[in-house]
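Number of protein chains: 2
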Amino acid sequence: MERITATYFIETPFEPEKAAEVLAGEQSSGTFVAVPGETAELKERFAARVESIEKITTVNQASIPSEKLSLGVYHQAVVKVSWSAENFGYNLPVLISTLQGNLYELRQFTGLKLMDIDFPDAYVAHFRGPRFGIEGCRKLTNVQSRPLIGTIIKPSIGLTPEQTAEMVQTLGEAGIDFVKDDELLSSSANSPFEKRVEAVMNVVNRLADKTGKKVMYAFNISGEVDEMLSRYETIIKAGGTCAMISLNSVGVSATKKICDIGALAIHGHRNGWGMMTRHPLLGIDFPAYQKLWRLTGVDQIHVNGIQNKFWESDDSVVRSIEACLKPMAAGYAVLPVVSSGQWGGQAFETWRRTKTVDLLYMAGGGIMAHPMGAAAGVAALQQAWKGAVDGLQLEEAVNIYPEFAKSVEKFGGK
Amino acid sequence: MERITATYFIETPFEPEKAAEVLAGEQSSGTFVAVPGETAELKERFAARVESIEKITTVNQASIPSEKLSLGVYHQAVVKVSWSAENFGYNLPVLISTLQGNLYELRQFTGLKLMDIDFPDAYVAHFRGPRFGIEGCRKLTNVQSRPLIGTIIKPSIGLTPEQTAEMVQTLGEAGIDFVKDDELLSSSANSPFEKRVEAVMNVVNRLADKTGKKVMYAFNISGEVDEMLSRYETIIKAGGTCAMISLNSVGVSATKKICDIGALAIHGHRNGWGMMTRHPLLGIDFPAYQKLWRLTGVDQIHVNGIQNKFWESDDSVVRSIEACLKPMAAGYAVLPVVSSGQWGGQAFETWRRTKTVDLLYMAGGGIMAHPMGAAAGVAALQQAWKGAVDGLQLEEAVNIYPEFAKSVEKFGGK
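Listed in order, the protein sequences are those of chains A and B.
In this text, residue positions in the first sequence follow the numbering used here: the first is 13, and each later residue adds one.
In this text, residue positions in the second sequence follow the numbering used here: the first is 13, and each later residue adds one.
Bound-form chain A, shown alone (with noise of 0.2 Å):
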């Protein structure tokens, strides 16, 4: 049967070779002595199986602190580890937990991160995968050839459902494409979902009847799976055409189940995901992430901006973005959103990097904020982008644009 491989990269005070073995033994028969019924037949059939190891260097400190291993020299390495897909057939949980579960506690590794995952074809077309992905969301907003441009309710959290809706109005006569919910808000106090919906869901509407053009709204259904259901309901009847599920805090079975049901674009949110990702040598890398996701049906996915706010370089953002847009079997296509202290002026560097313009764009204070409102906001995040893709310098885009050019002003000096 077809085999999964993961990638790895490691480091251990260990021979690299031994480690691996350990880490394919503990993934797939894990004791520490041998039991009866552990026949050389069944090891054949379902033992893990060490592909390769490719040693990178030798460090004289170890990445993760240890107190169990005394100091020495510790060598990183990457190494691929294969399973059949018998052991865990096509159930994703059990499927993590083969290839990110208790192998991070090992003690022959100081420092260990799942970089990559190749899925056979076969494996992947079991899984229906983005019920939208790139072309859906593009079909639903009405935007081709220029990425859809979109934002962030700010603030996070404390606005009532009509003054929620009153921006919806702002940004949809300004031409915005999508707007979405603060993570931090589903249903607070003063923003009850339903009412949330009802409100904001009449404005895009009422919109849509005068221009022909939907906004999206991605409203934030995090929560417990009927809950989610039920919200998931409320969205369709009142025209929506998108939820948004935080990940991470959620979890892959649920956000499966609303995926599944396919009649809304979700919007995968991945807070939290610093914290598995941030540190070189412990947790999972990006594009081994996405793939998960977009087996899972996520449409969209974060992958942070050029020049953010956050820890990540631009390196790594381009990296995410490409994985993003990489086919898995050909297909399963992920729209990636750009998001994080983003406004016009990263348009020329995100294009000159990734030539697509199959992005989400986001900006939230960066649209809200923009001196002369945010329906200048939107229109200045267009010409950049415009101006990007015709190929102009930033400061050539600014004698254009006058709105973008005011944002240059506010923003382009942080």
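These are calculated hints, taken from the structure and not from any lab test.
Fair warning: this is a prediction, and the values are worked out from it, not measured in the lab.
Do not take every clue at face value.
DSS-like cross-link-like pairs, simulated, lysine-lysine; straight-line CA separation at most 30 Å [claimed, not checked]:
1) A:LYS367 to A:LYS226
2) B:LYS80 to B:LYS30
3) A:LYS55 to B:LYS418
4) A:LYS422 to B:LYS80
5) B:LYS207 to A:LYS55
6) B:LYS367 to B:LYS225
7) B:LYS67 to B:LYS338
8) B:LYS67 to B:LYS92
9) A:LYS80 to B:LYS422
10) B:LYS80 to A:LYS367
11) B:LYS418 to A:LYS80
12) B:LYS80 to A:LYS418
13) B:LYS422 to A:LYS30
14) A:LYS207 to B:LYS55
15) B:LYS55 to A:LYS422
16) B:LYS398 to B:LYS338
17) B:LYS80 to A:LYS338
18) B:LYS55 to B:LYS30
19) B:LYS367 to B:LYS226
20) A:LYS55 to B:LYS422
21) B:LYS67 to A:LYS80
22) B:LYS222 to B:LYS249
23) A:LYS67 to B:LYS80
24) B:LYS367 to A:LYS80
25) B:LYS151 to B:LYS249
26) B:LYS367 to B:LYS422
27) A:LYS225 to A:LYS249
28) B:LYS55 to A:LYS418
29) B:LYS30 to A:LYS422
30) A:LYS80 to B:LYS338
31) B:LYS225 to B:LYS398
32) B:LYS418 to B:LYS226
Label-pair ranges, simulated between beta-carbon atoms [to be verified]:
33) B:GLY251 to A:GLU174: 50 to 56 Å
34) A:GLY343 to B:GLY424: 55 to 61 Å
35) A:SER328 to B:ILE68: 28 to 34 Å
36) A:GLU53 to B:GLN319: 30 to 36 Å
37) B:GLY274 to A:GLY274: 28 to 34 Å
Some chain B residues flagged as far from chain A (calculated, every beta-carbon gap over 12 Å) [to be verified]:
38) VAL90
39) ALA137
40) ASN214
We put the beta carbon where it would ideally sit given N, CA and C, even for glycine.
We have chain A; now place chain B onto it with these hints.
Showing chain B alone in chain A's frame:
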């Protein structure tokens, strides 16, 4: 309204006061410029509040490598931040996004770990919590005044349902209280879930008819929501008493959906946990983690074990056991599952340091690979715990108990 307080261990090159304010701002208003609508009244009601800052030390090297910060002095501090429960209500995923969401991505920190969460009793009271907990699991297994003794079917993956049932027969006859699937196995090519339940429960029920004692078998139902629901029903129909969930792989929402049913004790496996906690300055510490799962309703949760085969120190394991045994709102008891490289030998130190028998004490190889067979392995564990609680030293117990003596011969040298 009541406030939830989170305690973080942070490291920052900025003044800790400033860094803490950024954290509080990001997690309640979350943008890099002031926006219209962010009124003083709204801030007073919904803003996160820095409650205290205790400076611990300064270091000259960042705990987590950072490309964006120049080298210098890094302050380590313990920071408490509170939020009004109005912000997220009783929605655990949104609570998680608030307390452990984007804050890990802030460039202001070169280390950030959520150490604990203080929930007001009134907040906790909204959740049922563990339906069975310690007392319920004791009743289901008919074990009083000593730890429940358990084991994991090994090899983890590859046995047929009949081979698994055969092992359960041997273990059950030997008086074992608890047996579980490995987290790597839910439904595999040669051990389909339903067939395994049927084969195992045939054995368990027949033994129960004969002895009056029903072995608790934790079947790993981890999977998609509908699959978990249907497998849960399968277990009930077959007369089972427990289901196992890989908490991190399945996620909070789907786990709560299962816990809410309340017909089976839920065995919470924390595989993947190492990624979240192994670095002293990144992720989440166990006292915070286990509280979230107790609110979710998990009845049993893994805490590793004394002298384990993993990276974790004994001190850390002891703290985890103590965290589980500390009541939340005078209740919400969760049974700590001691596991990993365990055999009877560690009973003495475990008892000495925790003075509790409210444990599910698990040995995998420690039972199944006992030189006199699995039945002797169970006896040896019971003997070790009796000896420990009776105040014997390990050497004294060896002289009294032959099965335990044999296990010391085999496992005592490692």
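Here's how the hints hold up against the structure:
Restraint check for LYS367 (chain A) and LYS226 (chain A): the C-alpha separation of about 27 Å stays at or below 30 Å, so the hint holds. For the suggested pair LYS80 (chain B) and LYS30 (chain B), the alpha carbons sit about 17 Å apart, so the restraint of at most 30 Å is met. Distance check on the hinted pair: LYS55 (chain A) and LYS418 (chain B) sit about 28 Å apart at the alpha-carbon level, within 30 Å; holds. The straight-line distance between the Cα atoms of LYS422 (chain A) and LYS80 (chain B) is roughly 23 Å, inside the 30 Å bound, and the hint therefore holds.
A C-alpha spacing of about 22 Å is found between LYS207 (chain B) and LYS55 (chain A), which places the hinted pair at or below 30 Å, so the restraint holds. At most 30 Å may separate the alpha-carbon atoms for a hinted pair to count; LYS367 (chain B) and LYS225 (chain B) meet this at roughly 27 Å. Note on LYS67 (chain B) and LYS338 (chain B): the hinted pairing holds, with a Cα-Cα distance of about 27 Å set against a maximum of 30 Å. Distance restraint check for LYS67 (chain B) and LYS92 (chain B): the Cα-Cα separation of roughly 12 Å lies within the 30 Å cut-off, and the hinted pair is therefore satisfied.
Proposed proximity of LYS80 (chain A) and LYS422 (chain B) is supported: the alpha carbons are some 23 Å apart, at most 30 Å. Of the pairs offered as hints, the one joining LYS80 (chain B) and LYS367 (chain A) holds, with about 25 Å between alpha carbons and a cut-off of 30 Å not exceeded. Among the hinted pairs, LYS418 (chain B) with LYS80 (chain A) is consistent with the structure: their alpha-carbon atoms are about 28 Å apart, no more than 30 Å. The hinted pair formed by LYS80 (chain B) and LYS418 (chain A) meets the criterion: a straight-line CA distance of about 28 Å does not exceed 30 Å.
A C-alpha spacing of about 23 Å is found between LYS422 (chain B) and LYS30 (chain A), which places the hinted pair at or below 30 Å, so the restraint holds. About 22 Å separates the Cα atoms of LYS207 (chain A) and LYS55 (chain B), which keeps this hinted pair within 30 Å; it holds. With a CA separation close to 24 Å, the supplied pair LYS55 (chain B) and LYS422 (chain A) stays within the 30 Å bound. For the given pair, LYS398 (chain B) sits about 24 Å from LYS338 (chain B) by alpha-carbon distance, which is consistent with the 30 Å threshold.
The suggested pairing of LYS80 (chain B) with LYS338 (chain A) holds, with an alpha-carbon distance near 28 Å, which does not exceed 30 Å. At roughly 18 Å between alpha-carbon atoms, LYS55 (chain B) and LYS30 (chain B) fall within 30 Å of each other, so this suggested pair holds. A C-alpha spacing of about 27 Å is found between LYS367 (chain B) and LYS226 (chain B), which places the hinted pair at or below 30 Å, so the restraint holds. Distance check on the hinted pair: LYS55 (chain A) and LYS422 (chain B) sit about 24 Å apart at the alpha-carbon level, within 30 Å; holds.
Among the hinted pairs, LYS67 (chain B) with LYS80 (chain A) is consistent with the structure: their alpha-carbon atoms are about 28 Å apart, no more than 30 Å. Simply put, LYS222 (chain B) and LYS249 (chain B) have alpha-carbon atoms about 20 Å apart, close enough for the 30 Å limit, and the pair holds. At roughly 28 Å between alpha-carbon atoms, LYS67 (chain A) and LYS80 (chain B) fall within 30 Å of each other, so this suggested pair holds. Annotation: proposed proximity of LYS367 (chain B) to LYS80 (chain A) holds, straight-line Cα distance about 25 Å (limit 30 Å).
At most 30 Å may separate the alpha-carbon atoms for a hinted pair to count; LYS151 (chain B) and LYS249 (chain B) meet this at roughly 20 Å. Of the supplied pair hints, the one linking LYS367 (chain B) and LYS422 (chain B) holds, its CA atoms being roughly 26 Å apart against a limit of 30 Å. For the hint linking LYS225 (chain A) to LYS249 (chain A), the alpha-carbon distance of about 18 Å falls within 30 Å, and the restraint holds. For the hint pairing LYS55 (chain B) with LYS418 (chain A), the CA-to-CA distance comes to about 28 Å; that is within 30 Å, so the pair holds.
The straight-line distance between the Cα atoms of LYS30 (chain B) and LYS422 (chain A) is roughly 23 Å, inside the 30 Å bound, and the hint therefore holds. For the given pair, LYS80 (chain A) sits about 28 Å from LYS338 (chain B) by alpha-carbon distance, which is consistent with the 30 Å threshold. For the hint linking LYS225 (chain B) to LYS398 (chain B), the alpha-carbon distance of about 20 Å falls within 30 Å, and the restraint holds. With a C-alpha separation of about 28 Å, the suggested pair LYS418 (chain B) and LYS226 (chain B) falls inside the 30 Å cut-off, and the hint holds.
For the pair GLY251 (chain B) and GLU174 (chain A), the supplied restraint of 50 to 56 Å holds, since their beta-carbon distance comes to about 55 Å. Evaluation of the 55 to 61 Å hint for GLY343 (chain A) and GLY424 (chain B) yields a pass: the beta carbon distance comes to about 56 Å. SER328 (chain A) and ILE68 (chain B) have their C-beta atoms about 30 Å apart, which keeps the hinted 28 to 34 Å range intact. Look at GLU53 (chain A) against GLN319 (chain B): about 34 Å separates their beta carbons, and that is inside 30 to 36 Å.
The beta-carbon spacing between GLY274 (chain B) and GLY274 (chain A), approximately 31 Å, falls within the hinted interval of 28 to 34 Å. No Cβ of chain A comes within 12 Å of the Cβ of VAL90 (chain B); the nearest lies about 18 Å off, and the non-interface call holds. Taking the minimum C-beta to C-beta distance to chain A, about 17 Å, the non-interface status of ALA137 (chain B) holds against the 12 Å cut. Under the 12 Å C-beta cut-off, the non-interface status given to ASN214 (chain B) relative to chain A holds; the minimum distance is some 19 Å.
Going down the numbered hints, you'll see the structure goes against none, and every one checks out.
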